[in-house]
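Visitor: Dock chain B against the given chain A, drawing on the hints supplied.
Number of protein chains: 2
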Amino acid sequence: MSQDSSYSEGDLRNTGMRLKHDREWDYELDRIAEAIEEKDADTVGLQFPEGLKRRGPRVADDIRALVEERDLTDDVRVLLSGQPCYGACDLDTYLMKRSDVFVHFGHSPMKQTEKVIYVPLFSNVDVLPIIDEALEELTDPTEEGPLGLVTTAQHMNRFDEMRSALEDEGYEVKTRRGDDRLTHEGQVLGCNYASADVDADQILYVGGGKFHPLGLAMEHPDKRVVIADPVNNVVTVADTEKFIKQRYASVHKAMDAQKWGVIFCTKIGQGRWEDAERILDDNDDAYLITMDEVTPDRLRNFDMDAFVNTGCPRITTDDGPRFHKPMLTPGEYDAAVGNKPLSEIGFDTFHDTW
Amino acid sequence: MSQDSSYSEGDLRNTGMRLKHDREWDYELDRIAEAIEEKDADTVGLQFPEGLKRRGPRVADDIRALVEERDLTDDVRVLLSGQPCYGACDLDTYLMKRSDVFVHFGHSPMKQTEKVIYVPLFSNVDVLPIIDEALEELTDPTEEGPLGLVTTAQHMNRFDEMRSALEDEGYEVKTRRGDDRLTHEGQVLGCNYASADVDADQILYVGGGKFHPLGLAMEHPDKRVVIADPVNNVVTVADTEKFIKQRYASVHKAMDAQKWGVIFCTKIGQGRWEDAERILDDNDDAYLITMDEVTPDRLRNFDMDAFVNTGCPRITTDDGPRFHKPMLTPGEYDAAVGNKPLSEIGFDTFHDTW
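Quick note, the sequences are listed as chains A and B, same order. Numbering follows this note's numbering, in which position 91 of the first sequence is assigned residue number 1206; successive positions increment by one, without gaps. Numbering follows this note's numbering, in which position 209 of the second sequence is assigned residue number 1324; successive positions increment by one, without gaps.
There is no bait here: all hints are sound.
Which bits of chain B does chain A cover? Going by a derived footprint, with three or more residues having C-beta under 8 Å, they are:
no., region
1, 1187 to 1195
2, 1368 to 1382
3, 1402 to 1408
Derived from the structure by calculation, the hints contain no laboratory data. For clarity, every value in this text was computed on a predicted model and none was experimentally measured. By construction, the Cβ of each residue, glycine as well, lies at the ideal position given by its N, Cα and C atoms.
With the rest of the complex left out, here is chain A (with noise of 0.2 Å):
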């Protein structure tokens, strides 16, 4: 104990045991392990989400600790990606082109290749308590007709869970694979709640998060949205009026922008190249600005009076107020300058891969 003291925890390389060290995820080890020994990699590329980098030392250890004691290559070189992640969107393809095997954690693939090696990282959370308490805040099932069931990639095991807790409850449960960016039905995203489109009147979000059920809340404003968050353990419902207000005073700042800067992202499945070409189409004065991580700081060097983002339609909605102009979405853009009305706005979602 008092000789265990000095290694941090999961530090497996002193003991050559422990291996099974705490934690929360499944890492998969035997999936990145094989992927070594077929391919007699030399490098291993991790990637992880902005939350779990701190994991990836251990990761790293448990990796180099696999390989000498099954003895699959002579030694491997683990490479930590240290660029910001924020989805399966958001592949280092700097460190994937140059490693021989690249491990993705923490999201569901956004499109499937032989190059990336995708481990989800699904929460362990009982997702039954906060289904179980969402039911006072959903109309009863005799009333309304089916019933939507959504979710987000780190609930996904417990899918089949959650839709049998309201069969049980005598709810017809309503469920798609919106389309090719998700990997499973039922599956929403920031940035696409296709999988929300099902002829129901009510849905259930099951899931963290501020922004994701609003979103999913503005791209389906015809229907009820039940947010069930099983980590903070609450239930709400769905309200869009303060985010709708927002959007309408950004759009109203940006009507007398002269000049429009409009943002192409460079992440592999974040760019959106024609919309950004329609807008420079539509207008002399607006300029075409390349960048991987939208941020304020990279901004506030160029000279515009408004920006359009083409890329994650997150950055623009929840970090909006971040930037020293005003940042809109491709369809504010369109009502900032007199394309549409202001009313028709929605939310912008995104819906293809790479």
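Guide: Using the frame of chain A, we list chain B on its own:
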């Protein structure tokens, strides 16, 4: 006049005139126009350093006006790089690969290639008055031997003028082109002072910035470095004491570190793979992190006790205190882990291209 007031400065599209708007720099539009015509370019990518990014839209306007006026091609799409840019080491390779003509402004070439048009944007500041003032800080030409002369890329166009002024005062002026990373004789970079490696006990540095001359003085501790800043109009003598103390403090803080993050920078001219590998081979508790922008925010996500930066040395030394854990140069790492004495750490410089 009243009609024009609605146009921003340099907006040429609505007048077809005013191509020669006020500007401090020569953007070498003719050279760019020739390349557009020669390559029958559809896309032109422009990359500016941070301080000049706001000039981008005007230069884009000028280029489009020229294309139309001279009927160079059917149409051209101008793309502005929104990536941070701090040197010729920092080419936007994404934009470069996707542009028919790619122009990098504000830095001299680190490596000549047909893919890039480098437009150096020389300063038009008069350097003679500050050299005159600097004479008071320089020792008499008859007492000390020769005088070394160096400057930064933006004042390179006045280098012969500087040399003549000093020779007229009786100095024997020694200059050289340091190595392959530098374009010009007498040129220094924030990461390379090889041009000051001349047979002279005192060096006159003509240029701005606080850190460039400090690096110069650190790299050449045996020489007296006089700084003539023609932009801020100040003459000083480089004093490395405070800088050295700060570096020693960082090394001391890192001496207890168990887990080391070793940063490999993925920018085209900032990667030192061999240095990174050497440290990883030296230390089982070192983890390789790959990234382009090395920022405090990005590193905060990693649970490390200290970092070694094999990328841009200026980030380590100039921004070091902004990181949440000690950030060392490769040489300082060796001192922290006991591979060499603390007294032997020098300034971290960069001598290759790519």
